[in-house]
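> First to last, the sequence lines map onto chains R and W.
First residue of the first sequence: 2, per the numbering used here; consecutive thereafter.
First residue of the second sequence: 3, per the numbering used here; consecutive thereafter.
Among the hints, erroneous ones may be present.
Unchecked claim - Calculated lysine-lysine pairs in the DSS-like style (CA-CA distance at most 27 Å, straight line):
no. : chain 1 : residue 1 : chain 2 : residue 2
1   : R       : Lys3      : W       : Lys131
2   : W       : Lys82     : R       : Lys297
3   : W       : Lys94     : W       : Lys131
4   : R       : Lys3      : W       : Lys72
5   : R       : Lys297    : W       : Lys96
6   : W       : Lys96     : R       : Lys293
Said to hold, decoys possible - Here are a few chain R residues that sit away from chain W, every Cβ distance over 10 Å (derived from the structure):
no. : residue
7   : Met56
8   : Pro120
9   : Ile206
10  : Val210
11  : Tyr267
Claimed, not checked - In silico contact screen, one side only, chain R against chain W (beta carbon under 10 Å); selected entries:
no. : residue
12  : Met2
13  : Lys3
14  : Thr6
15  : Tyr9
16  : Ser17
17  : Thr202
18  : Glu203
19  : Asn205
20  : Lys208
21  : Ala212
22  : Thr213
23  : Phe216
24  : Ile217
25  : Leu257
26  : Lys297
Bear in mind the hints are in silico, worked out from the structure with no lab data behind them.
All C-beta atoms in this analysis are idealised placements derived from N, C-alpha and C, irrespective of residue type, glycine included.
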Amino acid sequence: MKLRTIRYYIQEAVRSIIYNRFMSIASIFAVSSSIFIVSIFYIIGANVEYFMGQMEAQMGMAVRLENDLSQQEQDLLHSRILGLHHVSSVTFISRDDALQSMANTLGEDAVAGLEIINPLRDSLLVELTDLAFHDETERAIWNLRAYGVAEIHSEAEFARTLSTISTIVSLISLVLVLILAGISMIIITNTIRITVNARKTEINIMKYVGATDWFIRWPFVLEGMIIGLLGGFFPALICWFGYGRIIAAINDIPHLSFIDFIPPEYVMNYVFIFALVLGVVIGLIGSITSVKRHLKV
Amino acid sequence: MIEFAEVSKIYENGARGLCGLDLFIDKGEFVFVVGTSGSGKTSLVRMLLKEIDPTGGHIIVDGQDITRIKRRHLPYYRRKLGVVFQDFRLLKNKTVFENVAYAMQIVEAPNRDIRRAVPQVLALVGLQKKAKAYPNQLSGGEQQRTALARAIVNRPPILIADEPTGNLDPDTAWEIMTLLEDINDRGTTVVVATHAHDIVDDMQKRVIALRNGELVHDIGVSSFPELGGIIDEA
Chain R
2 MKLRTIRYYI QEAVRSIIYN RFMSIASIFA VSSSIFIVSI FYIIGANVEY
52 FMGQMEAQMG MAVRLENDLS QQEQDLLHSR ILGLHHVSSV TFISRDDALQ
102 SMANTLGEDA VAGLEIINPL RDSLLVELTD LAFHDETERA IWNLRAYGVA
152 EIHSEAEFAR TLSTISTIVS LISLVLVLIL AGISMIIITN TIRITVNARK
202 TEINIMKYVG ATDWFIRWPF VLEGMIIGLL GGFFPALICW FGYGRIIAAI
252 NDIPHLSFID FIPPEYVMNY VFIFALVLGV VIGLIGSITS VKRHLKV
Chain W
3 MIEFAEVSKI YENGARGLCG LDLFIDKGEF VFVVGTSGSG KTSLVRMLLK
53 EIDPTGGHII VDGQDITRIK RRHLPYYRRK LGVVFQDFRL LKNKTVFENV
103 AYAMQIVEAP NRDIRRAVPQ VLALVGLQKK AKAYPNQLSG GEQQRTALAR
153 AIVNRPPILI ADEPTGNLDP DTAWEIMTLL EDINDRGTTV VVATHAHDIV
203 DDMQKRVIAL RNGELVHDIG VSSFPELGGI IDEA
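Go ahead and model the full structure; you've got the sequences and the hints to work with.
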């Protein structure tokens with residue numbers, strides 16, 4: 002393809018958008034509305050997943066140690082556990098620290114006298130990369146009994162429930178985004194189809210003059226992609242500016258300040274690209290399928 | 003140049019377009035195809051444009067059997083033809099210059115060639131002052147001259163005109179026919195489908211008359227009383 006032909010395609014696409022400006026604006030609006038809704042679901046889904054992830058990260062298991070372990074044995078066990086798959090961190094908590102923590106939580110009176118004969122054990126707090134591997138990791142740690150593991154304390158049932166919820170939320174948000182993207186595609190394809198139908202005479206003339214299918218198709222394809230790109234750009238822009246303000250406003254509400262949202266720049270890096278790519282893909286598919294039916298002359 | 007060998011066309015609804023038509027048009031000829039509605043002249047033009055295919059026989063154009071052309075090669079065949087329609091078929095969002103230039107852009111002609119050839123051909127059809135006008139700013143005759151300019155700008159060996167004067171007043175119709183004659187004088191084979199027998203008679207060219215899809219007359223030089231009868235008869 003020659004450079005002047007590419008320039009011609011781009012000129013024709015831009016020109017056509019301007020010439021058919023009312024239909025172009027209607028198409029951009031349809032694309033924007035759909036992608037905006039899809040983006041909102043994407044952001045909500047991502048935040049729920051993030052929230053679950055945060056909770057998962059805080060969930061771990063406490064490995065109680067035998068009382069007579071030397072420092073060297075403790076270090077060996079520590080490194081053994083850290084070396085297991087799906088273990089993200091291992092933190093040593095001494096029996097004195099544990100008692101102090103209990104005193105802080107339950108009050109000094111509740112632990113009065115225990116400082117003389119501390120019944121608690123030294124422990125290792127183990128955090129996992131993914132709660133789905135909780136049971137597997139627990140078994141692996143239990144197999145290290147010979148290295149000084151006395152008992153394991155964990156909230157296995159709660160961990161499993163949390164893991165299941167997290168998977169369900171991920172699936173629901175993925176399915177919703179796919180369904181909405183599909184609906185958007187149908188709406189936008191129809192909008193572009195109306196634009197192309199209005200120009201079927203034009204396509205017909207081009208065919209009689211001897212234009213190849215791709216010579217006819219390219220300006221329409223580029224036009225669809227530009228419309229899709231603009232259609233994706235506006236919701237992306239709204240999400241970019243809106244998201245930061247909304248999470249700031251929510252965190253300003255006293256009882257909701259604990260909610261930890263995905264940082265705006267993290268979401269926006271993805272949502273912005275997601276919206277633009279979705280727009281371009283929708284425009285591309287919409288225009289190709291719409292022009293196809295008029296090319297058989 | 004153009005040969006129809008035993009060409010038949012039966013449409014899906016059973017209507018007969020052409021019936022065993024044998025025809026030969028030589029290079030550089032000017033031929034009128036005449037006949038009333040349903041005579042088969044539109045079928046003949048549509049087959050030449052390869053808009054429809056015959057149900058039987060072969061059509062040879064410039065040495066190529068067009069009944070065997072694959073769809074992807076169709077645009078290249080159509081570039082050998084200049085086409086003029088009754089309803090002009092101009093691109094309404096393009097100026098006169100751009101409509102004519104479009105035919106050159108599709109063959110990826112260099113811009114300098116386009117800038118040189120389009121004004122020349124617009125001058126030939128008398129539209130050099132209307133280059134920047136859009137189709138809706140032109141009269142019927144001017145629109146048809148634009149279509150004519152677009153049809154000949156790539157210097158195709160064959161020009162097909164389907165009822166080119168159907169939407170024009172008699173004076174303008176004559177202007178168009180004179181232009182077609184000029185184009186023919188430059189060596190282009192011209193095929194004009196029409197039912198305007200006054201023009202056909204005055205032009206004194208070869209006339210092919212069709213009736214019910216069959217060739218009823220093929221006359222080298224016509225004269226009005228005789229030809230008028232043929233067209234009415236056809």
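> Under the criterion that the straight-line Cα-Cα distance not exceed 27 Å, is the pair Lys297(R), Lys96(W) satisfied?
holds (23 Å)
> With d taken as the least Cβ-Cβ distance between Ile206(R) and chain W, does d exceed 10 Å?
Nearest chain W Cβ is 5 Å from Ile206(R), so the label is violated.
> Would the non-interface assignment of Met56(R) survive a Cβ cutoff of 10 Å against chain W?
Label holds. Min Cβ-Cβ 59 Å, cutoff 10 Å.
> Please verify that hint: Glu203(R), Cβ, nearest Cβ of chain W, below 10 Å or not.
The hint holds - Glu203(R) has a Cβ within 10 Å of chain W, the shortest such distance being about 6 Å.
> Regarding the hint that Phe216(R) lies at the interface with chain W, is the smallest CB-CB distance below 10 Å?
Because about 5 Å separates Phe216(R) from the closest Cβ in chain W, which is inside the 10 Å limit, the hint holds.
> For a C-alpha distance cap of 27 Å, please report whether Lys94(W) and Lys131(W) respect it.
The given pair, whose Cα atoms are some 18 Å apart, holds under the 27 Å limit.
> Does Ser17(R) hold up as a contact with chain W if the rule is Cβ-Cβ below 10 Å?
holds (7 Å)
> Report holds if the minimum CB distance from Val210(R) to chain W is greater than 10 Å, and violated otherwise.
About 5 Å separates Val210(R) from the closest Cβ of chain W, which leaves it inside 10 Å; violated.
> When the nearest CB of chain W is found for Leu257(R), is that gap smaller than 10 Å?
violated (55 Å)
> Would the non-interface assignment of Tyr267(R) survive a Cβ cutoff of 10 Å against chain W?
holds (45 Å)
> Is the interface hint for Thr213(R) satisfied, with its Cβ closer than 10 Å to some Cβ of chain W?
Because about 5 Å separates Thr213(R) from the closest Cβ in chain W, which is inside the 10 Å limit, the hint holds.
> With chain W as the partner, please determine if Tyr9(R) meets the hint condition of a C-beta pair closer than 10 Å.
Hint holds; Tyr9(R) Cβ to chain W Cβ min 6 Å, cut 10 Å.
Of the numbered hints stated above, those contradicted by the structure are hints 1, 9, 10, 25, listed in ascending order.
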